[in-house]
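Visitor: Chain by chain, the residues run as shown.
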Amino acid sequence: METTAEQIRQEAAECHARKVRKARMMSSRDKFLAGAELFEYACKITLAGIMNQHSEWSIPQCREELRRRLKFLR
Amino acid sequence: MSGNEALLALVGLLNEMKTPYMMVGSYSSNFYGIPRSTKDADLVFQFDPKSLAEIQKRLPKGLRFDQQSTFEMVTATRKELIVIDDSDFEIELFHLSSDEFDQIRFQHREKVSFGEGLSTWMPRMEDVIVQKLRWAKGGARSKDFDDVVAILSVQEKVDFTYISEWCAKHGTLETLAKAREEAGV
Chain X
1 METTAEQIRQ
11 EAAECHARKV
21 RKARMMSSRD
31 KFLAGAELFE
41 YACKITLAGI
51 MNQHSEWSIP
61 QCREELRRRL
71 KFLR
Chain L
1001 MSGNEALLAL
1011 VGLLNEMKTP
1021 YMMVGSYSSN
1031 FYGIPRSTKD
1041 ADLVFQFDPK
1051 SLAEIQKRLP
1061 KGLRFDQQST
1071 FEMVTATRKE
1081 LIVIDDSDFE
1091 IELFHLSSDE
1101 FDQIRFQHRE
1111 KVSFGEGLST
1121 WMPRMEDVIV
1131 QKLRWAKGGA
1141 RSKDFDDVVA
1151 ILSVQEKVDF
1161 TYISEWCAKH
1171 GTLETLAKAR
1181 EEAGV
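The listed protein sequences derive, respectively, from chains X and L.
The first sequence runs 1 to 74 under this note's numbering.
The second sequence runs 1001 to 1185 under this note's numbering.
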């Protein structure tokens, strides 16, 4: 059965509500530190993806590719 | 050195030097809204050549200033970039500008203590919203709009009279209305 636009909208609204509830429960310290922690976690996953995709590359080459991709972030 | 270790070391130094500063950008919106990933920490500080030289001199190990200060197009202010050894995370130190709202939000900033000796300076929540709406409009950056929606969704008491007054001055009332609609407030 095909997912309808209304189902997607509802799922997105529920997801947002979950995020709001979670944010309200977090300590101010955790919220303060979350930005960099999430960034570094995302970098690790991206780096693992690059290494998997280019198994012939050295680690410095993979890190350079990560840096190249990070430049796309504004 | 991780991004947070570097930031906490810098914040500790600024506190120790009693340099007037505050966290801005995603660190301030994460604090009031829904935390998201960020590749840099932005701070605004009251620039004077003497204190900048002192910060450079006492900068914690593993942190270094990029050679040249640059001009940030979105915010139209000068900034210093601090890079961290072995990290892709960066810290940007913006000079406090003469812009009327920049001055006001800096005056309104509040000291926040997190325990375990960690404290910093944050803008008021309403000031974060006003500034993010400016960026969302001027820089057309969707993440700033999303940050405003997140803050409005999480916070239960918001002074919309104050926010609307500044939005009228900045021409961002329409963007505020859209954010309120999206957040359902």
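Heads up, a few of these hints could be off.
[To be verified] No farther apart than 16 Å at their CA atoms in a straight line, the calculated lysine to aspartate or glutamate pairs in the EDC-like style are these: (1) L:1039 <-> L:1099; (2) X:44 <-> L:1086; (3) X:22 <-> L:1156; (4) X:71 <-> L:1146; (5) X:71 <-> L:1040; (6) L:1079 <-> L:1090; (7) L:1018 <-> L:1040; (8) X:19 <-> L:1040; (9) X:19 <-> L:1086; (10) L:1039 <-> X:56; (11) X:71 <-> L:1088; (12) X:44 <-> L:1088; (13) X:19 <-> X:6; (14) L:1143 <-> L:1048; (15) X:31 <-> L:1040; (16) L:1039 <-> X:37.
Honestly, the hints are just simulated from the structure, not real lab data.
None of the values given here were measured: they were computed from a predicted structure.
Visitor: Hints first: check each against the structure and report whether it holds.
Guide: Cross-check of the supplied hints:
no.	hint	in the structure
1	L:1039 <-> L:1099	violated (26 Å)
2	X:44 <-> L:1086	holds (13 Å)
3	X:22 <-> L:1156	holds (15 Å)
4	X:71 <-> L:1146	violated (21 Å)
5	X:71 <-> L:1040	holds (12 Å)
6	L:1079 <-> L:1090	holds (12 Å)
7	L:1018 <-> L:1040	violated (23 Å)
8	X:19 <-> L:1040	violated (22 Å)
9	X:19 <-> L:1086	violated (32 Å)
10	L:1039 <-> X:56	violated (28 Å)
11	X:71 <-> L:1088	holds (10 Å)
12	X:44 <-> L:1088	holds (11 Å)
13	X:19 <-> X:6	violated (20 Å)
14	L:1143 <-> L:1048	violated (31 Å)
15	X:31 <-> L:1040	holds (15 Å)
16	L:1039 <-> X:37	holds (10 Å)
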